[in-house]
Structure formats: structure tokens, C-alpha cells
Amino acid sequence: MLTTFAQAAEMGRSVVQVLVYSQTPIWDAPWRNNSVGASSGSGFVIKGNRVMTNAHVVGWAKQIVLRRYQDPRPWLAQVEHISHECDLAVLKVETPGFFDGLDSLPIGELPKVQSPVITCGYPSGGEQISYTRGVVSRIEMQNYVHIGNKAFLSVQTDAAINPGNSGGPVFQDDKVVGVAFMGIPGLENTGFFIPPSVINHFLTDIEDGEYNGFPKAGVRIVSLQNPAYRKYLGLPPTGDGARIDSLADYTEKDGILKTDDVILEVGGHRVGSDGTILLKGNRVYCTAAFQEPQDGGKLKMKIWRDQKEIDVSVPMKVRKEEENTGNLYDMPPRYYVYAGLVFTPLTLDYVKTFGRNWRNVANLEMVYELYYRKNEKPESARKEPVVLAATLAHPVNADIRLASRAMIDKINGKRIESLEDLIEAFKNNDKKQHLIKFGSGTIESLDTEKANQAHKGILETYSIPSDRRL
Amino acid sequence: MTITKNILAALALITTNQAFSQQAATVSPDWQKSIVLLDITRNNHNFRVPWDKRAQSASKFGVVLEGKELITTAIGLANHTLIRIQKGGRGKWTNGKVLWIDYQANLAILGVEDDDFWNDLTPVKFADAKELKESLQVIRWRGGNIEKRAAEFSRFTVADANFNQAPRIELKASSEIEGAGQAELMVSGDKVVGLVASKISGTCSVIPAPFITDVINLRKKNNYNGLGYFDFIWQPASNPAVTDYFKLEGEPRGVLVIKPGKKSPLKLHDIILEVNGFPIDIQGDYLDPDFGHVIMEYLACRHKWAGDSVSFKIWRDGSIKEIEFKLPKADFSDNLVTDRANDVEPTYLIIGGLVFVPLSAEFLSSWGGDWQRSAPFRLVFYNSQKAKKDQKSLVVLSLVLPDFYNIGYQQRSSQNIVIEKANGKMIATLEDLAKAIESPKDGFHVFEFKKGSTLKKIILDAEKLNEANQRIAKRYGISKLQKLK
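Sequence lines, in order, name chains A and P.
Mapped onto the working numbering, the consecutive letters of the first sequence carry residue numbers 1 to 470.
Mapped onto the working numbering, the consecutive letters of the second sequence carry residue numbers 1001 to 1485.
Note that these hints are calculated values from the structure, not bench results.
The reader is advised that the hints may include incorrect statements.
Claimed, not checked - Some chain P residues judged to face chain A by a derived CB distance under 7 Å, without partners named:
no.	residue
1	N1239
2	S1384
3	E1448
4	K1451
5	G1452
6	L1460
What the hints assert, rightly or not - Computed far set for chain P versus chain A, every beta-carbon distance over 12 Å:
no.	residue
7	L1099
8	P1123
9	D1343
10	K1485
As the list claims (entries may be wrong) - Here are the simulated lysine to aspartate or glutamate pairs, EDC-like style, with alpha carbons at most 16 Å apart:
no.	chain 1	residue 1	chain 2	residue 2
11	A	K450	P	D1244
12	A	K432	P	D1244
13	P	K1092	P	D1128
14	A	K175	A	E10
15	A	K62	A	E80
16	A	K383	A	D409
17	P	K1148	P	D1052
18	P	K1425	P	D1442
19	A	K427	A	D467
20	A	K231	P	D1442
21	A	K431	P	D1461
22	P	K1450	A	D249
23	P	K1450	A	D245
24	P	K1262	P	E1324
25	A	K432	A	D409
26	P	K1392	P	E1431
27	P	K1386	A	E365
28	P	K1191	P	E1134
29	P	K1451	A	E379
30	P	K1389	P	D1432
31	P	K1451	A	E10
32	A	K377	P	E1420
33	P	K1313	P	E1345
34	P	K1451	A	E449
35	P	K1457	A	D260
36	P	K1451	A	D245
37	A	K320	A	D249
38	A	K231	P	D1461
39	P	K1451	A	E252
40	P	K1451	A	D249
Note that CB positions come from ideal geometry on N, CA and C, so glycine has one too.
Using the sequences and the hints given, assemble the complete structure.
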């Protein structure tokens, strides 16, 4: 059913503008921050006197101010819960009286392809609330660009979604059926919004006052369409079921799922041989079903293994193993500065400081460590790979040639698994020199006594408030 | 080996030689009689479509030697099908053939069967090490006439590994000559200073005459064993705290071995103080009597060849030791990514549309000059690794020729992945793979790829393989489904 003008206008009263001042850290000088930037987005009132918006609207925020429909007063808000992976946040409002006269907007169902929707928010190009109309173009799993390394269900529409719309609601009938959140540069008439299933998952997750995240099965699922492969597994040449091609290290250790398991059904959805399920009339990749349970929940699956169908119940857990390959937010970078040597964990945010073409600039070991080692040689993977990000020049470290952008292997003979390891390795050294071994095999050294003496002075010279942030 | 740098030649050498060079410059030989035009046709292979070849023609130059021979650079001669030679810049073409070639040294010697060809050709004289810097000119045929362009000496450098390349001394000279790099002559007075191997923007890289003379003489004596190299990796020891750590007595000097090679007796954290009597400085350079400060890698080739002995003075375990090192041939056989095999057609094995090729330097190079960036990262990363005992080389599934037989494996995720096992057997070469295919398991061929690959496993129907092979060969116009050697 079409959303009527009156309905949209009425619901629009609960749509707010979110004005944010934010400051992002400098990942290769982690005690410093970039200059404060102003940005704006949209949000809307949900039940429980809260405002929902996008995580990317309020990430790294120093101050969040809300503006109500046709109300000039500023209202101070704060992030209550935020999910950077699914790009949603819930705000609470500090200034009393904000919710007076505002209705909370109910969350509806996943809209059907071709059905009409209206977006509402405060996009750039003007000051006042703006409505645009369009239809649902398609529904698919999409990479969510805010986190960068995860895909969730996403709805594409031809209703204009522009900067400033982010966090605003998408209406159908008298309900919110999505949160507008991104466009794709270069594509016209394509905007994307977050569907109700993802919104509700987030809202349910935070009901206990804590955000856990989306659990992960840790499996790579591939299509099972080759008749020979199907025969090999004892299945008819055509039919349902997608194959587990490989397992993450932790999944292998759990021992519940195995490679060459054929997933016939997941969470009650039949899985096609191309790895898709039918979700409310849409064929979407079956990982959508894996994202339905909450952290600690179970996912029921029908599996074809050893020539027979079995039922398994897979415990679903939130996994932090791949956090460093996605964008990080709101947690200032960890670092340790010793005698002018700046150490920080290897993260995507760090390597992005090399520039847009960071993959060409970063050395091979670094790219391998960040993206490949965990999958190929999990036994040799480090909990938190550490890099020498920069060297703050001082006579004590001036002879060090390899002064930045280098992976740390060992310090004083100790294999470095985390920043804490590194601090300890420097602290516990009783030799006259510190010996730093890099991932490439290169060795550098510091005179222990001189380094200890210079340490404080260097922090002062370069105005580093503390030698560490852990 | 991995450390490349360019150092200006010592100025002292220039002044002492000036008088001699100027004298030489007054003689003006007739270069027309010493340089010939070569027209080379070769099969150019695309290693990603290994059954496909494309004939390509290119022009180069050859220089007349004593004994009715020509010398040119080796580059561009691989897989040649025809060499035509023209003297005097015009007229008749004569067939030539390669008598000797070494791609590492980048030199080739050509012969002509027709004895009359050599009438009115004059062999060149090569300059010695002291005569390489003054009054340089680049000489070649251009539109039927000799073209002479001035060049200015810049420096000597040691060219380093683009893939598995032995270190070589190069003379760098700037010149405005266009499109050089086809073995043009670089001369000074009446002597040949070198052959122009390549030119990037305004700078010519020249193979210097003393190196060419050495190679020619050794070949004459049938004593050329190829280039040697240092198979270890070192780092400069310019940080005094590092040499202090290893308790090196005296002034900081030498370089630190950080990755020992299998063929040399050097150990991890040896400090190399001297090579062949030349002290090594903390940058890893030494003072060459001919070329000034150059990187110590060059001591693997300075009048030394594969099999020759090089002496090292090193600091190990708190004392100075002298060790001898027999230079290994620069064939890089201990690398995981196999070396450039020149004059060999690409090998491959097509199984049911799955195209397998060795992970080789040529295969990676097929991504172009910046293959290190444009080739798939995972494959590039193997290039930095040494061969392992149970897998000395690797085989890649490079592409899939679509046929319903291999449906399900036609996505990008099944391209450029490295195979681990076929039918349960470890695969290091195409021969291993061909052999493994002879024994399917219960009617299936099972291919397993390396852990972490974008696809871990492929199964094919063994019974229908032959039929599929025939169909695929016909559909894609491939005359041979395999070329192993």
C-alpha cells in the first residue's frame, strides 16, 4: 500500500537532524587527532525515548546535537549503543523535554521488491526536512562500507539518498522499513537502506544493556553445482545444498561443522546449490540466515554428511579475530612510544595512512600478516601484530635505518604477540642493547641505557602526553 | 641481493684518465663497418594462455667481433624463429644464427654462414676500465645512415634482481637519443665502451666493455661457466648499537647477514668485513678500483664466475674468521617460484578445462611490468619464499575454460589458486600432476588447493574426462592439451 502524504508528513515530525562534531585519530601518530570536523545526518524516534541513526553519523563524535522538526532549539544527545558493523546507533537525549509531542516510529517488515517507499531526512542541499519517493529495486547481501569487511542484507531503492539522509527512516505504509545509509559513487538512482531484520537484531542485542554484535559461523560456503562433485558426495546431479569449502581456525576447533558438509537447510531456509536462500520472496546469499541468531544463540542446520542427512545445532559466537581488517571506530588507537620509536597494532586503519594505494606501498609481510596468515597458517598467527609506525628523531635512535612501516617479529628475543609483550620485552632487558628484529629479518638496535635516559625527553620534545595507550 | 643502490663513481678516476681519453677521441673510425642491423622474429608467448603464441618482429644491432662473429644483447632473442642481418644500413639481408647466448649476462654471439658476408667488415676494439667516461657517443643505423648522438657519463651501478637476476655492473649515461636499448654501440673515440641494454627516460643502461671482454675471452677458451651470485641476504650495519650487540671490535664496518643461503657457508648474524680483500663499509659498499664505490654484490661478478672461489673475512662468535665461498651459478634453483626458462615454450596441462601452469617468473611477468602490484597478491608473495623440501615448486590453476563438465568451478574464485594435492598426491610440478591424474579415486579426480585459497577443492568425473577434453580442445582451438617439457 502506498504511504499517503498525510502519513508521511505525520511520521516526518519524529525525524530529527543530527549535528555532529567529530575528531578522528591519526593512526601513525596515535596520540594526535585530526582537526575537528562538522557533519550532519538524520535520525528518528523509536520506542523507549531513543533516537536511531547510523553509526557513521555519530562515530568518533565529540558533541552530538539534535534538531527537531521546525524547532530551532538544540538538544544535546549521547550515544547509548552503537554497532559499527551494521552501521546503526541508538542515542539518548540529555536535554529534558525532547520527546514531548514526538511519537516513536514502529519498525515494519522487509518491503517487497517493486513496492513504493519514501525516504525522509535532512539531506544536504537545504535546511528543512526532505522527502523522496521511489520503489524497492532489489534486496541482496551487500558489503557495508562503514565497517568495510562485512556483508549484511541491504535494500536498494531508486529514491534519492544523499549525504545527510544517513540515519533517516524509509517509510512504507505507516511503518519504518529501513534506515537510509549509503549510496555507491558513480551509480545513479541507487540508494541503500538497512532492512528491519538487521535493525531488529541490533535492538534485541542491546536489550540487556550491552551490545555484543553479530555472530559468525566461520565457514566459507561455495556453490555445489558440478554434477561430479555432487555425485562424489552422494547427492543427485541437480538439487539443493551448498558446500562448506573451508573453515576458520576457530570453527575447525569447535568440530561441529566440517569441510565438504553440504548445507541443505539453515535456520529453516532451504539452501540452493548456488548458496542462496529464499528470504521473503527474495533469493539472497545464505549468510543472511547465519546473521539471524544472537551472540550465544544456536543455529539449526540440516547437513548432508557421509551420505546422510543430519541435524546440527551450531553455537553462534561473536568473533573478534578479523576486527583489524575492518575500519575501527570510537576506540583511540593503542600505542607505545619508547625512545622515540612509535609502536602500534597492525590494523587496516594504520595501513590506510600509507595512502589510497596502501596495498602497493605496504611491504608484502604486512599485507600477508593482516589478511592471509590467519587463514593459511593460523598456528603462526599473532594475537595482535605490532608495527613500528614512526621514529621520532633523536640522537639515540638516529642510526636506525628501518625507521617506520615495519612489522615487528621479536624484541630482545621475545616473540611479540601484542603491544603488552613489546612493553615487557623492552622493560625486562638486562643486556646493554635492545635488539629489534623485524618481520623482514632486518635487525636494529638501541643502546639500553641511552634509550632509557632519552625516553622522557623525547616525549616532551614531541608533546606526547603519555608513552602508552593500552 | 635485495639491496640496490646507486653510488657516484669516485671523482679521482676521471681526472687521471682525462689526458688519455682526449687523445683517443681524435681518431674517428668508420663505424659503418662495425655495426649491423638485426631483424629478429620471435614467438611471443602469453603465459596465461600458454598454448597461444604470437610472432613478433624487432630490430636490434650487432657489433662485429674478431673471428667472424657478432655480439649483441640477449634480450629479445628468446624463442626466435628467424634472424636476418643487414650491413651498411641498406640492401641485402643475410640469415644469421645464435652461436652462444647467456641471458644472465645479457649477451649473445651470432654467426653468419655465408663467408662473403664478412668482407669489408671491421672488428671493433673494446675500451678498458679506465676509458669508459669521456666523450661518449651512441651509434646506430637510422634510416640507412649512421646516427651519432652525444652521451654523458653519469655513474656505475650494480643492477639487481628484477626476478632472479644475477648482479651486473651497469654504466649509466644520459643521452637524448630516442628509443635506444637495442644493443646500440656506446663508444669513446675509436673504442667501444659498451652496448646499450635499455633506456629509461633520458638514461641509458650500458653493459660496459670490460665485462663484455671478459665474457668473450672466457667463451673463446671454452671456459665460461655463467654468472655467480651471493645467495644470502644482508643488511647494512650502519647502526653502531647493532655491531655493539654482536661485540664487533674496532670501528663499525661490514654488513650483517640476516638470511643465510643454502649454498654459502655464511651463517645468520655473521658480519662480513671483507670480500676478496676489499673492506666492506657500513653501507655494504666497497671501493672498486675501476668503478668507484659500488655495492658488495658486485664482488660476486668482478672477474669472478660461477664455480670460482670468493674469500670472506667475517666476524663470527666474537672473532674474525676467514672463509671461502664457491660461487653458485645464478640459476636460483632454490627459489620457490621457478626461474625464467629462456628459449623454452611455456608448459601447461589442461584437465577438463582446468588450465594448470607452473608458478614461474614468466607467469607472474604476464601481468606486466608492475606485476608485483597487479598480479594476485597471494602469487606475488610466493616469489619471496624459498623452496620447501616436500614442494620445491608450485603449480597454479590459472584459468578455467568453461564447459558444462566444469560448471561450478568457473567463477573468479577458482582462478590463480595453487594446487596442493591431486588424487591424494603432493603436486610440485606438472609432471606430478600428469602422473596423479593416471590414478583417479573411485571414479573421481580430486584436486585440493592450498589452505586459505579462494577455493579449496574441485572434483571432476574421471570417466567423462576424455570426452570433455576432446570437446574443450575443439571448442577452444587448442591443438595440444598438454605441454610438459
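In terms of Cβ atoms, is chain A entirely out of 12 Å range of D1343/P? Holds: least Cβ distance 31 Å, greater than 12 Å.
Starting from K1092/P, check that the Cα of D1128/P is at most 16 Å away, please. With a Cα-Cα distance of about 34 Å, the restraint between K1092/P and D1128/P is violated, given a limit of 16 Å.
Hinted pair, alpha-carbon criterion (16 Å max): K432/A, D409/A. Please report holds or violated. Outside the cut-off at roughly 20 Å; violated.
Mind checking the alpha carbons of K377/A and E1420/P for me, to see if they're no more than 16 Å apart? holds (15 Å)
Would you check the hint for K1425/P and D1442/P, treating anything up to 16 Å between C-alpha atoms as holding? holds (15 Å)
Hey, does L1099/P actually stay past 12 Å from chain A on C-beta? holds (41 Å)
Report holds or violated for the interface hint on G1452/P, using the least CB-CB distance to chain A and a cut-off of 7 Å. holds (4 Å)
Given pair status - D1461/P, K431/A, alpha carbons within 16 Å: violated (63 Å)
Tell me if the straight-line CA distance from K432/A to D1244/P falls inside 16 Å. holds (9 Å)
Are the Cα atoms of K1262/P and E1324/P separated by 16 Å or less? holds (15 Å)
Is the Cα-Cα distance between K231/A and D1461/P 16 Å or less? holds (9 Å)
Take the C-alpha atoms of K1451/P and E252/A, compute the straight-line distance between them, and say whether it is at most 16 Å. Cα-Cα ~13 Å, so holds.
The structure does not agree with the numbered hints 3, 13, 17, 21, 25, 31, 33 and 34 stated previously, though it agrees with the rest.
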